[in-house]
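Protein chains: 4
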Amino acid sequence: MPTIEYGPPLSLADARRIVNAAEFEAEKQGWAMVIAVFDSTGHLVVLNKMDHAQYGSIELAQAKARTATHFKRATKLFEDAIAQGGLSLRLLSAPDFCLFEGGLPLWRDDKLVGAIGVSGASSNEDGIIAAAGARALQG
Amino acid sequence: MPTIEYGPPLSLADARRIVNAAEFEAEKQGWAMVIAVFDSTGHLVVLNKMDHAQYGSIELAQAKARTATHFKRATKLFEDAIAQGGLSLRLLSAPDFCLFEGGLPLWRDDKLVGAIGVSGASSNEDGIIAAAGARALQG
Amino acid sequence: MPTIEYGPPLSLADARRIVNAAEFEAEKQGWAMVIAVFDSTGHLVVLNKMDHAQYGSIELAQAKARTATHFKRATKLFEDAIAQGGLSLRLLSAPDFCLFEGGLPLWRDDKLVGAIGVSGASSNEDGIIAAAGARALQG
Amino acid sequence: MPTIEYGPPLSLADARRIVNAAEFEAEKQGWAMVIAVFDSTGHLVVLNKMDHAQYGSIELAQAKARTATHFKRATKLFEDAIAQGGLSLRLLSAPDFCLFEGGLPLWRDDKLVGAIGVSGASSNEDGIIAAAGARALQG
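Going down the list, the sequences are from chains S, Y, H and A. Quick note on numbering: this note's numbering labels position 96 of the first sequence as 96, and the sequence is numbered without any gaps. Quick note on numbering: this note's numbering labels position 84 of the second sequence as 1084, and the sequence is numbered without any gaps. Quick note on numbering: this note's numbering labels position 47 of the third sequence as 2047, and the sequence is numbered without any gaps. Quick note on numbering: this note's numbering labels position 129 of the fourth sequence as 3129, and the sequence is numbered without any gaps.
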């Protein structure tokens, strides 16, 4: 597998477009979410907490986006690994992994330019909203 | 499921009444507990450590109340999830979850106005005392 | 002096309006800022990092908004106190104070409903941008 | 100077009496305070946050009571040292000192049995309320 490269960081304008698209979908579903976008340097660019979103999601949304940036993959892959048990449980020992669905890398020209992290509903629902955000970058 | 809203924060008078009710039950049972009440802003309002309660429970009682506030549900739900193993073990990766029974949200007019966290005996017994406290808000 | 009360938390819509006004001013000045808005519960509602803002400002902007919420006053008051030296230096011992200008409480009906924190330029310039954001709530 | 000895820890009943006395005085003054009592083992026994007390005082009240317990003296002595400057400024390098007035050791039979920490107004006013609490143990 070729090395996945980090591309130029997302701009604030990009990040805002992604967050807005995710939020639009969350409102349609009636879910109170926290949505965070990191850039390819591993730093937070935009965070929005929707009204009445649970406080714990402020950290979790960032943790998901950070994990997707730091390990260059969707956090659902780690969730699936945990579900298998056995050796994969060693993932629980890593201090900066968030093992919940809802974190997705963001791609442009086959390079990782950032990540979105969503938290507030079930992790499956968080993943739906993260995907809605990610699509805004492709569109 | 409709979004659970955070309501106005519990007053000190409310919190004290809740702690007193929990403590009354703990004394009846002969259990040395730490009892903490948070308000809907996620901040500690009252903490009481009963004589000879274990020191570690000072942090645990607060962690349970904080988790119940931050994630709007009883910590027993997380304890039950862990007991099932498999995918639920991902909960162990979240830095700010306390996965022990004994944390309960407090409700008024269908809004979350705070939470009680109890630690000191078995988590099942902690839950009994937390419930005794929570009933004082309804009564 | 009467007690300053915490009012109902800012909505996401309010917070976004405040951040946008601050950002508009920052762009006019040509400063790359991080702008954070907290609500009256002491939680982050919106954070925006402008392109090329220094990474360290992501934490500092939040620390300024948190200090303004937690201590109900502009962080410039703490900065001024440090400048006087002497007794005021005790402020350096408090773990959760950010002693840089750029954090302002946000008011509505004489109650504290949130705070804005800005970081990225000199602390004096941070304060100018924070004030531009705060005015958007009054307007 | 003879060694100051740690005596038997304050009971919950003692701590509550002390907090109530402090709170009674704070209400008379119209100040919204956080009041914490530690016992002679260095652990929190009771904390009460009065309505609308600033959030930052939850940690500060505990930090003052902890410092008074850990270093067996009123935190005002440290505040006075800071005011003198010079060598005393090394106190700022100690991670667990709170250098604000408002922390007082509590004595019984010439032994330290606990401490009270108060935060919420000016440090001078915090000290007045802490003294009101401490008197309740002597009375």
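Keep in mind that the hints were calculated from the coordinates and are not lab data. The reader is advised that the hints may include incorrect statements.
Pairs of lysine to aspartate or glutamate residues, derived as DMTMM-like cross-links and limited to a Cα-Cα distance of at most 25 Å, are as follows [claimed, not checked]:
1) Y:K1072 x A:D3096
2) S:K72 x Y:D1051
3) S:K28 x S:E59
4) H:K2111 x A:E3059
5) A:K3072 x Y:D1096
6) S:K72 x S:E125
7) S:K28 x S:E5
8) S:K72 x H:E2125
These are the hints, each one checked on the structure:
1. Y:K1072 x A:D3096: Status violated; Cα separation ~33 Å.
2. S:K72 x Y:D1051: 51 Å, violated
3. S:K28 x S:E59: Judged against 25 Å, a Cα distance of about 24 Å means the pair holds.
4. H:K2111 x A:E3059: Holds. H:K2111 to A:E3059 sits at ~23 Å (cutoff 25 Å).
5. A:K3072 x Y:D1096: The hint is violated at about 33 Å.
6. S:K72 x S:E125: 21 Å, holds
7. S:K28 x S:E5: With Cα atoms ~35 Å apart, S:K28 and S:E5 exceed 25 Å; violated.
8. S:K72 x H:E2125: 37 Å, violated
This entry does not satisfy hints 1, 2, 5, 7, 8, going by the numbered hints stated previously.
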